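Construct the complete structure from the given sequences, taking the supplied hints into account.
Protein chains: 2
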Amino acid sequence: MRRLWTLEEFPFHPERLNHCETLFTIGNGYLATRGTFEEGYTGELSTTMVHGIFNHAKGVLVPELVNSPNWLPIHLTIDGTPFRLINQNVTTLNPTGGAVLGYRRTLDLYTGVLTREVLFRAESGSIVRLVFERFACLHDDHLMAQHVQIVAVDGTPVIEVDSFIDHRVSNNEAQHWTDVAVGGAGPRTQVITRTNQSGYTLGMAAHLIAPGAINTVMENGVALSRTHFTLQLQESADLYKYTTIFTSRDLADPTQIGGALHQKLDEAVAEGFSHLQSRHEREWAHYWDTSDVQIEGDEASQFAVRFTMYHILISAPRHDDDVSIGAKTLSGLGYKGHVFWDTELFILPPLTLTQPKLARNLLMYRYHRLAGARHKAQANGYEGAMFPWESTDTGEETTPQWSDVQPDGSRIRIWTGDSEQHICTDVAYGVLQYWRWTGDDEFLIKYGAEIVLDTAVFWGSRVEEKNDRYEISQQIGPDEYHENIDNSVFTNRMVVWHLSEALKLMEWLKSHASTDAKRLTDALHLTPERLAKWQDIIQRMYIPFDLEKQIHIQFPGFFDMEFIPVPHYEPRTLSVQAILGHSRSIQTQVIKQADVVMLMALLGEELASMPVLLNNFNTYFPRTDHGSSLSPAIHAWVAARLGLADIAIDMFEHAGSIDLNDNKGNVRDGIHGAACGGTYQALVFGICGLKLDANGELTADPQLPSHWKSVSFNVNHRGQKKHFRFTNPA
Amino acid sequence: MRRLWTLEEFPFHPERLNHCETLFTIGNGYLATRGTFEEGYTGELSTTMVHGIFNHAKGVLVPELVNSPNWLPIHLTIDGTPFRLINQNVTTLNPTGGAVLGYRRTLDLYTGVLTREVLFRAESGSIVRLVFERFACLHDDHLMAQHVQIVAVDGTPVIEVDSFIDHRVSNNEAQHWTDVAVGGAGPRTQVITRTNQSGYTLGMAAHLIAPGAINTVMENGVALSRTHFTLQLQESADLYKYTTIFTSRDLADPTQIGGALHQKLDEAVAEGFSHLQSRHEREWAHYWDTSDVQIEGDEASQFAVRFTMYHILISAPRHDDDVSIGAKTLSGLGYKGHVFWDTELFILPPLTLTQPKLARNLLMYRYHRLAGARHKAQANGYEGAMFPWESTDTGEETTPQWSDVQPDGSRIRIWTGDSEQHICTDVAYGVLQYWRWTGDDEFLIKYGAEIVLDTAVFWGSRVEEKNDRYEISQQIGPDEYHENIDNSVFTNRMVVWHLSEALKLMEWLKSHASTDAKRLTDALHLTPERLAKWQDIIQRMYIPFDLEKQIHIQFPGFFDMEFIPVPHYEPRTLSVQAILGHSRSIQTQVIKQADVVMLMALLGEELASMPVLLNNFNTYFPRTDHGSSLSPAIHAWVAARLGLADIAIDMFEHAGSIDLNDNKGNVRDGIHGAACGGTYQALVFGICGLKLDANGELTADPQLPSHWKSVSFNVNHRGQKKHFRFTNPA
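So the protein lines, in turn, are chains A and H. Per the numbering used here, the first sequence starts with residue 1, numbered consecutively. Per the numbering used here, the second sequence starts with residue 1, numbered consecutively.
Bear in mind the hints are in silico, worked out from the structure with no lab data behind them. If you're wondering where the values come from, they're calculated on a predicted model, not measured in any experiment. Hints are not guaranteed to be accurate.
The list treats identical chains as one, so a pair stands whether inside a single copy or across any two.
With a straight-line Cα cutoff of 35 Å, these simulated DSBU-like cross-link-like pairs (lysine-lysine) come out [claimed, not checked]:
#1 Lys510 to Lys722
#2 Lys504 to Lys466
#3 Lys533 to Lys504
#4 Lys709 to Lys691
#5 Lys709 to Lys446
Structure (structure tokens):
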């Protein structure tokens, strides 16, 4: 096992079934598949999520990323006993239904190869050792490979094999697929199907290689590749299964999918498993070469930064600039695959710094959805581009307006799609951060500028001039416990930042790309009056601030609500909101996540002097219950910048372990992508203090936890790979 | 939390209840108490084991260490809701029976203080934060201290308190106590009772300090210290409970126990909790000053060496040389508190090297039991001293002859008490190792020599002269899968070693302590003829060895049995014996634990040349299933010496994690003391290659795993503390 690179489960922990499925997800940026088992398991949540394949099924409030056919199934029987993970540690010599005598699962983060070893006794008494391996080729979006080694440890077992693609899948019972065409011959089977509303066609084909002759058998509408053979004592056999996938998003003509599937299968069979694995692993090494972070002196943190980066890398589209990463990556059904601010402010930055091509793809996804954003602005009576709080393939607002049914039968109104408008600024932040780190002027000029400017146009139309100043009413800031409040300091201040940046950008464009400046001026109606209004907003925007206490006010009235001493509510795995109950907590000062502190992370000393920043932190930190997984990383980042070393490392460890520890019990729904990206930022921007100075040069101000020996990493800066290593004094 | 010194459970894991109770045991070398809860829990295994208090209860096959009265109980009710660990994470605002909203338990190995924080909601809706602390004073064998802090987080709860000593205890239903006298007045309660066969008297008294007035109330024969008080919102209260203990082993006159209990309670109350804690922690620091091992570059191993040393230190008698450490330390009922070879060959060496006074106590326990050993020899028709395989207070053989009832209703004959005679040599090994490392000639002359020589006398009478050589029939070696075999190479070769050492010892005594040499010669009848026979045995003992293959043979006929490729049986948490079934496995070459390899650990290159040692290892390692927790550490030690670095670190990690991981599910019965001591030896003797050369000087030959940065530790050598630090090349 590669040390500090390997996630392990030993022995089998059925009580952590769905949690582990999420952790052991594999993927290649085109699709990802949860770590469910080849033979299945009662209660499993098996998903394969393919980027961009959204569908709006009947009876579901909003479109969702579709659970695609399951390419994993390889069902084995040993002397007639179906291999299943049952009767763990039962020592009966002829166990009814068989028995699992041993189990170990490992995911090598360095190679993205998932391995499972099982020792299994059949009813006959025969014992087999099974080693399952699988990976989604990183060198080829459209190919997945599986290997099963079977060793006859005791007895001379007859092995029967059924391998297939299972199209009988759903999203929590919601049916997305129609017109399923199943076929097969010899060692090959295939499924071609179509989403029933959005009309995406998806095809998968599989090829099984086994010691015995393989026939296709149709059972219950599924095409099985079936074979059997007998092993002598101590003999072993190898099965290989290759699966290919294409969709109508890949091929303009869906009728070409069948041919593409089989051509790629032919190539895979010709190449063979070990060659495929070598190419796959070389590709992974290339990604880790830039994206790995080494921490000496803290093994849990070392593992956490690798685990979180792995989950970003497997979900980041590599050859597709029309899709983006949902809040739960591609690893579960949570949040329906929708794209939130999580992407631009949490997941994007590690890619901007270490895999700029992938970062660019994510930003292009937003560019391609400007039409949807403009539509939302228009529908709400505003100008410019207003990005949806939750985004899918269409670019329309897809936040559900109502929650799922609550225990008491009611539904709760969800306001984020209406009021969490800071998403517009968050996307602009991601664009400008990308541009500054990469120096990708071409992207900015052609695509990014339009995003920044047209969202600025939106804000220019959104602000309200009253009380002799500009205000913004009916907002939800990052702290979603307080809904539809007026003058969220986060939103108001970020709008000021946004408009300032937009004006600077216009100047830059005029001097560096005057044709495009003109093009955008015309297209977006960036008249002198409009720019003058932006300047006026910048100067007269209301920024709630307590002059006496020298702190920013999250929103006017915040401190009039009941004070709850959040630190008293320790230890807990629940949010304080859950403990107090919804109706009371919204009337208290309990904060869900970094809000003013988020503003401090994004703007740093541009926001205020260090004494004010410290006042802010000391005020808001003890009021924050981190009810959102986005919170701890931002607190770690800001605490490190403020020299609050103990809080910084505590929050950093919290952020990095959210998925691994699953203390809130919701990892079954998927990886917390924002916590993954936040962990990286807490380390690089927070603990190491890496930033760009006014001239765009890299500076650092490391504040390593005292027990750390060193931190090392690479970042791309304007096309150059720069290596950093920070050490603590011995 | 002290980094890499703290065992943590967060949140509450009821499925690991009994496992965690064992891990979180506290103790002070006089007694140890499992980490059960002040309020109790269904299915708990609550024990307080006091060294030396054995009793043979009716209906039990053999005497056992007695579960003493439970000093932990502090029962709280919050607004009338009994505080219990139920309804974890239930968010109902008025939960029936209350609800646990949060839980964290930590054991600071550096200070031996166990802390538990709980957030609890009563049916009334009031929320309290509870912090429980406890420690068994290391500076005073007879005193234990508890603290409970109660914070009114929400509401104004009425708190009711019942504190008591619970004498209604048993060992798995076996009743050991009689004549229970319970009393109390005001804040004090006491229990005085007596074991019903062995007649030990034990007394405990407790003093409660609380905000309200305290009364003694008798309920169901138990004396409760009862009080109640009300907390205002955000207010906190502190409870303190001190418990003292004396037995008739401490006080010659049992009628003085009551007075002693209360005098010590008076002192404790006068001193107060924080002063007691300071003194306790200073004492711990003193022990860690010599016993800690620092590993840089491997945090799991770092923690494991501290965890294992902690459990040795809390079970090692510090002021009593008439008791010893049982196989499960004092942390559970497993093996009934009996003392095996585990003590001298596994647990003793880390104490010999780092706490020689404690090591001496353990060896004196054997000295005081020479009468029992002589009785066993005589009863079996031999001369000298034949130590029992399982030893208690009496020194008689206390190995049960029959197992507990098996699932099929039968009992299995246990032969170890008859045939595992190598214990005699193991004790001698412990004596001589102690002497060589400490230079404690006074101990050797007065006590140790008699052990070594009288057990040599036993072997002189035990060997059988036949086939023109000496043989030993009907043995069980360390590999207990093969019972009553003839000419166990481990036993035969260790007897040769033993007799050689005995002869050398005689020479040493003659030149360094001639009076004692004469005394022992007379007392043990060490006639010239007897010594000549020892010399003859040394020369003509049968050492099974395959000249062709150049390997030691575990016993003649071993290689004629069925070969089982043990590595094929991976991954597994069961022994291969359990997988094959008892009746088959005993006819195979599957080995339970280091046997020839154990010989290699004890004798090193004195046993054979390096090629032979390598042949041995390569032969026996793949036949060993480590069905005993004693096995991995010895394999780690020997593998490191043979330069097999990968096996060494793998086995080392296995050894160090046996209790922490509980992969075999039996940690509920207590800590594997031998694995703890073996872990230390694998590190110091194996990985670091520390040993005494022929002149008694320290030499080292470090073979650090490649990922380790350094290992540092202290050892005592002839009264001098020597510091070692080994580093890997950078």
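Here is how each hint holds up against the structure:
For the homomeric pair Lys510 and Lys722, the shortest alpha-carbon distance inside one copy (31 Å) is at most 35 Å, but the shortest distance between copies (74 Å) is not. Taking the shortest Cα distances, Lys504 and Lys466 sit within 35 Å of each other inside one copy (26 Å), while across copies they are farther apart (102 Å). Only within a single protomer do Lys533 and Lys504 lie at most 35 Å apart by alpha-carbon distance; the minimum there is 14 Å, versus 102 Å between protomers. Taking CA atoms no more than 35 Å apart as the test, Lys709 paired with Lys691 passes in both settings, with 22 Å inside one copy and 32 Å between copies.
In this assembly of identical chains, Lys709 and Lys446 lie within 35 Å of each other by CA distance neither inside one copy nor across copies; the values are 44 Å within and 51 Å between.
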